[in-house]
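Put together the whole structure using the sequences plus the hints.
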Amino acid sequence: MKADQTVTLNLPATADFVDIVRLNLYGIASKMGFSYEDIEDMKVAVSEACNNSVLYAYGQEGGLVEVVFGINGEELTITVKDEGVSFSLPQDVSDAAPTLHEKELHDVEIGGLGFYLMQALMDDVSVVSESGKGTQVVLTKRLTRSEEKV
Amino acid sequence: MTTNKNDKFNAKTVSEEGKNVVYLSGELDLSVAPDFRLVMEPLVGDSEVDLAINLRELKYIDSTGIGILLSVLKARHSMNASFAVEEVPTQIQKLFDMTGIAKFFEPQENSQ
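Just so you know, the sequences run in chain order A and B. Per our numbering, the very first residue in the first sequence carries number 49; after that it's consecutive. Per our numbering, the very first residue in the second sequence carries number 507; after that it's consecutive.
I should point out that these hints are in silico values taken from the structure, not numbers from a laboratory. Where a beta carbon is used, it is the ideal one built from N, C-alpha and C, also for glycine. Hints may contain errors.
Some chain A residues judged to face chain B by a derived CB distance under 7 Å, without partners named [what the hints assert, rightly or not]:
#, residue
1, Glu96
2, Val116
3, Gly118
4, Ile119
5, Glu123
6, His149
7, Leu161
And the structure:
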């Protein structure tokens, strides 16, 4: 594939369309030569970003989510953008979702794992949230050449 | 909306000899989370019967699905009832390990 191409999806911000994002991601990432494992990781991360838009950004209102796949030879950048009311985000995303590793079962709180998973599964995650202008999550995964191709 | 028949979520409950096993297949994500909760609700409350979830045919799970498994785990634990997760595919086990939920699914003594 040529460098610096983009594919853009505009989807209703409902849970029913998140699988469409995964299907497109699979197509694009496998074309670029990502390994099966990397693609599975990206599927989870991108879905979590879309879930956030569906759940928090729009509430019951409906609306659109824009997903942009930025393709270049070395990496895939996925931008998930909504124009809903921004959800409140912890100051430091890396501290956002404590994992359950040090917790006892009765201390475990459900939810909050989505941001942790994005962070853990991608090479780079950035979140830009501006009041009144929605939220933009940018996820980046770099191609590693040596792995088995799909 | 059906995009791919193989990916469509399904939960099938098999009940026999004091044990309920729920076999999950397809993709467990936000869109089908309410369906999965509905399937689990009556089973979770029955503390006399062992409960297990089999993930052999599960293709995908997101944090919503993991959250439901956690809430089932907590509810069963509080009733001192059993809950097991069987045949976890590699990719899903990786997410369980990452989030730290894996340690709660390990076989453990009921008496603490």
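Legend entry - Violated hints - listed by number, lowest first: 2, 3, 4 and 5
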